[in-house]
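Engineer: Given chain A, put chain B in place with the hints provided.
For the record, the sequence lines run as chains A and B.
So for the first sequence, this note's numbering puts the first residue at 1; every next one is plus one.
So for the second sequence, this note's numbering puts the first residue at 1; every next one is plus one.
Hints are supplied without guarantee of correctness; some may be wrong.
What the hints assert, rightly or not - Simulated restraints on C-beta separations:
id	chain 1	residue 1	chain 2	residue 2	range
1	A	GLU32	B	ARG137	38 to 46 Å
2	A	ARG49	B	ARG137	43 to 51 Å
3	A	LEU5	B	SER157	27 to 35 Å
4	A	ALA44	B	ARG108	21 to 29 Å
Because the hints were derived from the structure by calculation, they are not lab data.
Computed from a predicted structure; not experimentally measured.
We put the beta carbon where it would ideally sit given N, CA and C, even for glycine.
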Amino acid sequence: MEKQLELMRRRLVRERLARKEAETIIEAKIRELYVKTQELECIAAAERRARMEAETLRSALEAFASGLELEEIVNLLESYIGHHVVIDGSTVYFYRDDNFRFYKSSGLLDGRCIDTELLLGYIEHAQGPWVLFETFDADDSALWVLGTRSRILVILPLAVQERLVGCLVLLCNEKNAIDENVWGLIQALANEAAITIENALLFQEIKRLSIIDPLTGLYNRRHFNSTATLEFDRARRYGLPLSAVLLDIDYFKHVNDTYGHSVGDEVLVKVAAACMHEMRKTDIHARYGGEEYCLLLLQTASDMALNLAERLRESVAQLVFEGGGGNFTVTASFGVSERLNDNDTLNNLLERCDKALYEAKKRGRNRVVAWPFGES
Amino acid sequence: MKGLVFTEFIEYVDNRFSFETSENLIEISDLPSEGVYTSVGTYEFRELETLVRNLSYLTDVPVAEILREFGRHLFRHFLISFPIFFEGIKSTLAFLPRVQDYIHLEVRKLYPDAELPDFICNVPAQGQLIMVYRSTRNLEDLAEGLIQASIDYFGDSLTVKRSTDDSGDEPVIRFFIAPK
Numbered sequence: 001m002e003k004q005l006e007l008m009r010r011r012l013v014r015e016r017l018a019r020k021e022a023e024t025i026i027e028a029k030i031r032e033l034y035v036k037t038q039e040l041e042c043i044a045a046a047e048r049r050a051r052m053e054a055e056t057l058r059s060a061l062e063a064f065a066s067g068l069e070l071e072e073i074v075n076l077l078e079s080y081i082g083h084h085v086v087i088d089g090s091t092v093y094f095y096r097d098d099n100f101r102f103y104k105s106s107g108l109l110d111g112r113c114i115d116t117e118l119l120l121g122y123i124e125h126a127q128g129p130w131v132l133f134e135t136f137d138a139d140d141s142a143l144w145v146l147g148t149r150s151r152i153l154v155i156l157p158l159a160v161q162e163r164l165v166g167c168l169v170l171l172c173n174e175k176n177a178i179d180e181n182v183w184g185l186i187q188a189l190a191n192e193a194a195i196t197i198e199n200a201l202l203f204q205e206i207k208r209l210s211i212i213d214p215l216t217g218l219y220n221r222r223h224f225n226s227t228a229t230l231e232f233d234r235a236r237r238y239g240l241p242l243s244a245v246l247l248d249i250d251y252f253k254h255v256n257d258t259y260g261h262s263v264g265d266e267v268l269v270k271v272a273a274a275c276m277h278e279m280r281k282t283d284i285h286a287r288y289g290g291e292e293y294c295l296l297l298l299q300t301a302s303d304m305a306l307n308l309a310e311r312l313r314e315s316v317a318q319l320v321f322e323g324g325g326g327n328f329t330v331t332a333s334f335g336v337s338e339r340l341n342d343n344d345t346l347n348n349l350l351e352r353c354d355k356a357l358y359e360a361k362k363r364g365r366n367r368v369v370a371w372p373f374g375e376s
Numbered sequence: 001m002k003g004l005v006f007t008e009f010i011e012y013v014d015n016r017f018s019f020e021t022s023e024n025l026i027e028i029s030d031l032p033s034e035g036v037y038t039s040v041g042t043y044e045f046r047e048l049e050t051l052v053r054n055l056s057y058l059t060d061v062p063v064a065e066i067l068r069e070f071g072r073h074l075f076r077h078f079l080i081s082f083p084i085f086f087e088g089i090k091s092t093l094a095f096l097p098r099v100q101d102y103i104h105l106e107v108r109k110l111y112p113d114a115e116l117p118d119f120i121c122n123v124p125a126q127g128q129l130i131m132v133y134r135s136t137r138n139l140e141d142l143a144e145g146l147i148q149a150s151i152d153y154f155g156d157s158l159t160v161k162r163s164t165d166d167s168g169d170e171p172v173i174r175f176f177i178a179p180k
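Just chain A, same shape as in the assembly:
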């Protein structure tokens, strides 16, 4: 009996020890599993993020590829970045003729503009994106110019390979708005957008070249005809007054022959500049022929058109040119007419201007004649 009890005691002791050992082993295993679980959670989160980023990039690429309009692309870029970062302000610049040109701004950066040379300096210095953190305390000239303080300021160049096409400035007030992963995505988005923006800028430039007279900067005749037709129809539909002015530089052949073609070109440019200076933004101007210009004045009756033509005549007469070892001036003749009735056409209007212009020439040039002028 005694022996039996002793054996049982020994077994109990052993079993207690075994339980302790098992608990230690199991606890270690649980810790190990916990660490493993956390690792897996990290991996899963990273994968979710990677998937989301890939999806963003894919859909951004698709969206970028579908548009050639600058505004659309810039809005898309901002909205895609906005999906991943809370942006409190942004400014977009395009790069042209060795400098940044302001395009648009929004949010806290609305109406604010960083000095573009400073901006270029940042980008050249960083050879890439420039991020300023905790700018609350930073004594930084860019921020001083911005006149605002933020948690994060990002200067993100938009470049195709090494070619700068623009720059995006982002302002974030949330401290941890941009982590490493988001940063990679933003840069990828910027790179993709840059390609499309470059194309859009080229497209815009080609479009501009196709409607502008390269010498004078006025519209060419083709663009004038299509825009003027639209405006003429609009004026007829709404019963608005509309006038046209034809301008021809007097004795221009003589200028060319006497002072040479480069001086002749200068005359053409300065007269065009005088036209643009006198006209409203809504009016349409064009180089109509060699030394002939055409102006379409919206919501303007003939008396007002006559005033403008007269002012313009005086401006032209006051222009002074250098040539042939001295100074000389030029004059111009003007023909003015107003839209008549619902049966009137743009062609008829311009024909009447042409007749009035001919009359001005006939009456001795350097004058304005409005149709009707008592034709006989």
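Structural biologist: Relative to the frame of chain A, chain B by itself:
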């Protein structure tokens, strides 16, 4: 060797012989672990060898017989503790290939350090099975006990013949399982 084998071995001795036998066995065996076993621990294989040898000495049952009986005991334990391994299995010939292909795979997930024997199965003809056991631990008797327990459990009418090839570095034991 996984602690489960040791805890089950003590259980087997308790049931087959007696509680006193177990205690005497541990006392005379002078084990490094002092017989404190838990199923989740890992212990020297030598301890099992000692236990089996001393049990044979204490009870006059041959070592081979003890190992076969322990194999049967282990099978019953597996059946109760891990029913998932037997789900949808209706015969020994279906079950045995799963030891290597499925059970050992699952065991490794829980215990990456487990040292498990190789049981390679192939089917020489319909209704037959050759199971090749390679191990330096000479537990083929235990393996045979497991196979016999499986045949009994599924109610199959099969015989097990065993051959040993000692020519290589480690012995290769073939269990040839065929209808009676």
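Engineer: Going back to the hint list, which numbers does this structure go against?
Structural biologist: 1 and 3
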